[in-house]
Amino acid sequence: MKQRLLIVEPSEVIIEGLKGILDGQIRFKVLEPEMSADNLEERLLATRPDIVLVNPTLVSNISRLRGEHALALVALVYQYVERDVLKNYDGVVDIRDSRAVIIETLAQASPAAEERSKNNYELTKRETAVLVQLAQGKTNKEVADALNVSVHTVISHRKNITHKTGIKSVAGLTVYAMLNNLIDESSLL
Amino acid sequence: MKDFKSRLFSSESRLSDLITAHPSLLTLLTRLGISLGFGDRSIADVCEASGVDTSFFLLICNVYTFNNYVPSTATILGTDMTGLVPYLEKSHKYYVEKRLPHIERHLDSIAQKLSGRIGKVFISFYNEYKHEVEAHFLHEENDVFPHIRALMAGECDVTYSISDFLQSHSDIEGKLNDLLNIVFKYLPPQVDDDNVLDVVYDILRLSEDLKKHTFIEEKIMVPMVKHLENAILK
Ligand SMILES: [Fe+2]
Ligand SMILES: [Fe+2]
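Line by line, the protein sequences give chains A and B.
If you count by our numbering, then the first sequence holds residues 991 to 1179, one letter each, in order.
If you count by our numbering, then the second sequence holds residues 53 to 286, one letter each, in order.
Bound-form chain A, shown alone (with noise of 0.2 angstroms):
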């Protein structure tokens, strides 16, 4: 199945590029891109895409963004932006980036897109990294700060985790890992 791809960017040139990098993609789907993100919720809630590869100097909150939909946001940088900006989102573009470098990001961003292309029920490493972590009490910040990844990386690995498995509850998942030994008794806290 190939990922839905939005690009929200305000120059046309920029967006031309891109499509003509991501165009021949057998992995990307790329949607008819925003110039703004004035309405970008709606945009989002109504084309569902797995990716957002957006200009950060466009959003000022991006969590909200993010809403309830396990999306990919690619920060899309050719100017200086600054650190603290950028840590929220699941991966970096810059335009000077190679092709395969861009394309491989794009890639990389999304767990979710990728998880629920596979249909595979399986937990992954990552995804059991989270559980286990989950199961010894800790709260999606701790695990986020642990595993070095951002708390809402977290919250897409645990709606996988949930996806998958049907237990939602934090207890319910520590039964779930008891019982596949991925945890044992002197690790719960």
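Watch out, some of these pointers could steer you wrong.
[Said to hold, decoys possible] To give a feel for the contact side, a few chain A residues facing chain B, derived at Cβ under 7 angstroms: (1) 1011; (2) 1014; (3) 1016; (4) 1020; (5) 1158; (6) 1159; (7) 1162; (8) 1166.
[Claimed, not checked] In silico PhoX-like links for lysine-lysine, alpha-carbon gap of 20 angstroms or less: (9) B:145 to B:263; (10) B:142 to B:264; (11) A:1154 to A:1077; (12) A:1158 to B:263; (13) A:1077 to A:1019; (14) A:1149 to A:1115; (15) B:182 to B:286; (16) A:1115 to A:1154; (17) A:1158 to B:237; (18) A:1115 to A:1128; (19) B:182 to B:264; (20) A:1154 to B:237; (21) B:182 to A:1158; (22) B:172 to B:182; (23) B:172 to A:1149.
Simulated from the structure, these hints should not be mistaken for laboratory data.
Values in this document were obtained by computation on a predicted structure and should not be read as measured data.
Even for Gly, the Cβ is constructed at its ideal location relative to N, Cα and C.
Take the given structure of chain A and dock chain B with the ligands to it, following the hints.
The following block gives chain B with the ligands in isolation, referenced to the frame of chain A:
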């Protein structure tokens, strides 16, 4: 909605026909104050003999049977709701004293076949759920139902408002669903016995029942109480 109206039960039908068509309604009868042995009498006759309001009885049966049926405000306000709080209380008792202990017995036998520490975590997951459900019911019995009783008696009770209820009304089937997934998907093969099948059916039934219970509280009780509150505050 028109389609529903023709399928909803009427007071002239035989109660036994209703039960034959929808056997799961049998578990509702005691909670609604009707004992077995009603013979071939009509719903209206049985209700009258048992002191149960017929339209209230039908309302609950219809909600349990038709998944997409949401009674209109007119239907709710046009129904004698004296029996609602007693019915909800009896349901709580039925869940806590009958259904949960039943499930618990099966889970205990299952836990004995699991290795010690896993068995313990498994049971403590269930116990945690049980306590949540009990706390949920207790809150309704101590805070919500007395409020409704007072309003129905025409007293102006401003200590509590039903909009607080809706905001904090928690989901009590979610963890049951987790338990279901654990039991039938992830238990090791050595516990594959009748207990597992029995408890899967018990959990499914309880979870369906609780969904309807929550539905009745949120879609019938709340609109009714809102109306009472408005009427008394005026
Ligand atoms: Fe209740
Ligand atoms: Fe409730």
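Hint check results:
{"no.": "1", "hint": "1011", "verdict": "43 angstroms, violated"}
{"no.": "2", "hint": "1014", "verdict": "42 angstroms, violated"}
{"no.": "3", "hint": "1016", "verdict": "34 angstroms, violated"}
{"no.": "4", "hint": "1020", "verdict": "38 angstroms, violated"}
{"no.": "5", "hint": "1158", "verdict": "6 angstroms, holds"}
{"no.": "6", "hint": "1159", "verdict": "5 angstroms, holds"}
{"no.": "7", "hint": "1162", "verdict": "3 angstroms, holds"}
{"no.": "8", "hint": "1166", "verdict": "6 angstroms, holds"}
{"no.": "9", "hint": "B:145 to B:263", "verdict": "16 angstroms, holds"}
{"no.": "10", "hint": "B:142 to B:264", "verdict": "14 angstroms, holds"}
{"no.": "11", "hint": "A:1154 to A:1077", "verdict": "28 angstroms, violated"}
{"no.": "12", "hint": "A:1158 to B:263", "verdict": "17 angstroms, holds"}
{"no.": "13", "hint": "A:1077 to A:1019", "verdict": "26 angstroms, violated"}
{"no.": "14", "hint": "A:1149 to A:1115", "verdict": "15 angstroms, holds"}
{"no.": "15", "hint": "B:182 to B:286", "verdict": "41 angstroms, violated"}
{"no.": "16", "hint": "A:1115 to A:1154", "verdict": "14 angstroms, holds"}
{"no.": "17", "hint": "A:1158 to B:237", "verdict": "15 angstroms, holds"}
{"no.": "18", "hint": "A:1115 to A:1128", "verdict": "18 angstroms, holds"}
{"no.": "19", "hint": "B:182 to B:264", "verdict": "18 angstroms, holds"}
{"no.": "20", "hint": "A:1154 to B:237", "verdict": "11 angstroms, holds"}
{"no.": "21", "hint": "B:182 to A:1158", "verdict": "17 angstroms, holds"}
{"no.": "22", "hint": "B:172 to B:182", "verdict": "15 angstroms, holds"}
{"no.": "23", "hint": "B:172 to A:1149", "verdict": "27 angstroms, violated"}
The structure fails to meet hints 1, 2, 3, 4, 11, 13, 15 and 23 from the earlier list, while all remaining hints are met.
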